[in-house]
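> If you read the sequences in order, they're chains U and H. Per our numbering, the very first residue in the first sequence carries number 1; after that it's consecutive. Per our numbering, the very first residue in the second sequence carries number 1; after that it's consecutive.
In short, the hints are calculated from the structure, not lab data. Quick caveat, the model's predicted, so the values are computed rather than measured. Do not rely on the hints blindly, as some may be mistaken.
Unchecked claim - With beta-carbon atoms standing in for the labels, derived distance ranges: (1) H:Gly92 with U:Met334: 40 to 46 angstroms; (2) U:Asp377 with H:Lys89: 43 to 49 angstroms; (3) H:Glu78 with U:Gly309: 34 to 40 angstroms; (4) H:Leu698 with U:Met334: 36 to 42 angstroms; (5) H:Asp665 with U:Arg113: 30 to 36 angstroms; (6) H:Ala529 with U:Ala140: 36 to 42 angstroms; (7) U:Ala121 with H:Ala469: 41 to 47 angstroms; (8) U:Arg113 with H:Tyr496: 46 to 52 angstroms.
As the list claims (entries may be wrong) - A short list of chain H residues far from chain U (calculated; beta carbon distances all over 10 angstroms): (9) Arg208; (10) Glu218; (11) Arg323; (12) Ser395; (13) Glu530; (14) Cys542; (15) His566; (16) His567; (17) Leu675; (18) Gln680.
We treat Cβ as the ideally placed atom computed from N, Cα and C, and that holds for glycine.
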Amino acid sequence: MDEEPERTKRWEGGYERTWEVLKEDESGSLKATVEDILFKDKRKRVFENYGQVRLGMMRHLFVVIDTSRTMEDQDLKPNRLTSTLKLMEYFVDEYFDQNPISQIGIIITKNKRAEKLTDLAGNPQKHISALKKAVDTTCAGEPSLYNSLNLAMHTLKHMPGHTSREVLVIFSSLTTCDPSNIYDLIKTLKGLKIRVSVIGLSAEVRVCTILTRETGGTYHVILDETHFRELLTFHVKPPPASSSSECSLIRMGFPQHAIASVSDQDSKPSFSMSHLDNSSGPGLTLGGYYCPQCRAKYTELPVECKVCGLTLVSAPHLARSFHHLFPMDAFQEMPLEEFEGERFCEACQGELKDKSVFICSVCSSAFCVECDLFIHDTLHCCPSCIHSQSTS
Amino acid sequence: MLVYFPYDYIYPEQYSYMQELKRTLDAKGHGVLEMPSGTGKTISLLSLIVAYQRAYPLEVTKLIYCSRTVPEIEKVVEELRKLMEFYAKETGETNKLLALALSSRKNLCVHPEVSSLRFGKEVDGKCHSLTASYIRAQRHSNPSQPICHFFEILHANIVVYSYHYLLDPKIADLVSKELAKKSVVVFDEAHNIDNVCIDSMSVNLTRRTLDRSQANVETLQNTIQRIKEIDAAKLKEEYRRLVEGLKEANVARETDIYLSNPVLPDEILQEAVPGSIRTAEHFVGFMKRLLEYLKSRLRVQHVVQESSPQFLKDIYEKVCIDRKPLRFCAERLRSLLRTLEITDIADFSPITLISHFATLVSTYSKGFTIIIEPFEDKTPTIANPVLHFSCMDPSIAIKPVFERFQSVIITSGTLSPLDIYPRILDFRPVTMSSFTMTLARTCLCPLIVGRGNDQVAISSKFETREDFAVIRNYGNLLLELSGIVPDGIVAFFTSYIYMENIVASWYEQGILENIQRNKLIFIETPDAAETSMALEKYQEACENGRGAILLSVARGKVSEGIDFVHHYGRAVIMFGVPYVYTQSRILKARLEYLRDQFQIRENDFLTFDAMRHAAQCVGRAIRGKTDYGLMIFADKRYARADKRGKLPRWIQEHISDGSLNLTIDETVQLSKHFLRQMAQPFRREDQLGLSLLTLDQLQSEETLQRIAQIAQQV
């Protein structure tokens, strides 16, 4: 983890009472317990997500970023806005890495208004450049939860039923300025099966609690920047698809990448369909992906063909989404005293020191907490299982 | 003993509370128990006492549960219903307990005609006309007339009603006098019980009251005249009864059927009503003279303060009214009203008030004082004479209750310091305990702010309260907090005047405008309708995510009866120490009395009173274990040991040395951190074993040891 260099200087940090962490009393009513709860929570996440549930592979997600006055607060360094945008870039990257055939859109809200920064699209580059540009926006006024949700809803409600419709709100302010009753909107959102999750940057706000509870989303409040990043990572994983969402077969095209070099006489430079609408992008290119149905050219995948509406993906994209369908079973937790065998983590080879170890149910090798999380979050397969497979 | 508890889990402190309660009942004594609000006092009380009743039906026959407001009574009834259902489920038998909740007729009356009336007094009057004793007598002969269930109190095993039914002599006489001796009386939310006692025994007379009594007397006279023409025998019958005296009442009291009424002292019962007021005309004449005298007393230019004997002497000299007839005044008037069959009692409340005053003033020579003020202190130019006949000794009103009933339990969330209650109420408890809240996470965060960012000490004490710097720092504190606390903030000031001053000053300094950028502001006023409107809008603003601040006053309506659950009160700020207005003559007299009679120093009592109100205000925010809230004491003086030590133990134990005398920015940092910690997901499983116990856990040795530490004997 690159946590160390991010640490702020002592004098920049908040008024901390570090001595209190050390104190422990019998009734267990201290900060240490809160951290304990958080740890359990971490594990819980692994458990919850790795049952045999159907996950939505195609997601449509709107991220609402609050850019109101409170975003200038400096409790995240250098300020909330910069920090959030930086983390959002990371989030967009991760999101497309994990959900290659999904789309994302960004909405910002300030001065009681909401506007789209980017439309729903599957191109990470576009979003990231928009986010980079947004760093200079001035934060002013109050956010409007109603307007931003309304805006997101108007786009999301046209999305097909087999995809997920989600909104993630990064909410810094403690208030919202709404033109009409937000509870009506929440009802509508619920009816449209739009799932709204909120990450609060300052404290628990009632209206968000209700909003997330009603629409089936999650509500978290950050503790610090690392926790913020963790919470965002949590939203990278697709949510379980509701059983009522329709199933349908989707036509997909797997275009071949035609490589052409300048030296090749036959090749002619041509426009990519995706860049037609914005003049700023690169114009003529040589090679690219050609839609198997209509031969339209695209430079990047995945994309929906502008001509014939076919979803174009590449095989590796599908493979990457594949693990969502067959998730790995959660490791079994066991107290360290009961564990017999060598006290080394199978993965990192470090000594097992925590009070519990985690056992793979297939090959029964032991792992430490950190490796357990790493295996489930990133690798999606047990290293020792694979090891034994290859030898046999 | 087997106690049925209608929930799956029990809090450790509830268990401990029940143990203490049982000890009290076993000893047949009185108890003072303090347990934080929101930890299920009510259900612990009910389930234990009901179980006790079942186990020892001869020891405890009846539970009398007194609460303060109608919503609280409703809550009790709700819990009771749950308990009864659970009993029915567990034991399989239909339960034999009859529970009864009483409130004013306005709230409870089921009579279709009567319940459509809107004002309390009208309802009372109408109801009386339907249920008065002579009409009920008719009903015995004619069963087709519907019976009002209000009169079934005698048969109930559990009675739930308001304090006044037991403490106020005027009502207690009607409702509670026939309750059995082997009852357990519970006073819930009893932190103000001394004031209730005092109020129930005090009388305030204004010129208006006198004028209206004058009219009453005239009506009486006319009615007597009329009755005399129609039915002279009736008046004669009454006369005969009065000669015989109130022997009946005396017999009843000696055979221990009735709760004694403090307005009706023992000596009266043994004597006949004196001749001078026996006939109706004479009595009316007597009342007239009394009224004239009182009127003349109200025509004063300066403040008069005197004791009851002085008053009696004066009245004897001026209008030749003796002490004895005065003492019979209340009884005589009641008898007259009964004889005349006047159904509309409500109209006669002024004259009844006067008669009570007459009886009280002639009965008690100690513990009362008479103060006549020609004008209010605030408006010295407008003549508004008031005669305060104020009780200074709360034990007078509550004495019969302690003497009569086997066990009296006084309980509340804020009773600290516990030892002062037995002293001012003059009784000897067998148990005095304070319980803490066991928590899986520290969900309350009391902070004492002593300085502004400019290091100027902040305090509401008299010398500095007008200080510009103090007011500005208070404003900054509220401003900063409004930016970091979500949803609702409740701020309490020490008085309406102080609040007005500060808010006006904030407005001039532009602080108010800045606060309004973060949250809406609502203000409590002395007007009840306005306040409830403000409260409603405040809650709406919290609900909608707009966020709001409610500026209110300690000792006001908001501080006493309204709960700010969850988002309705994420932070409570107490601006200053809510000392009572010390220049009031009534208070001065009372302090003097306390010092002379109970050896309680003035300062001790004032601090005690201020701190219990502060604790009350601040306690509004936490109403349960899943709730959380900031408690901010914005006054330097809270940091002192004598103030801090008087807070309830469940608040005190969370005040570490590090949270004393903070500056505003330190407070903000701590609050921010606290709010983030508390916003983390919190589930029931996290509480299990720590602050929620199952039956198995309860039986384990280790838990029992831990529970033993919860209760602190005083």
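> Of all the hints given earlier, name the ones this structure violates by number, lowest first.
3, 4, 7, 8, 14, 15, 16, 17 and 18
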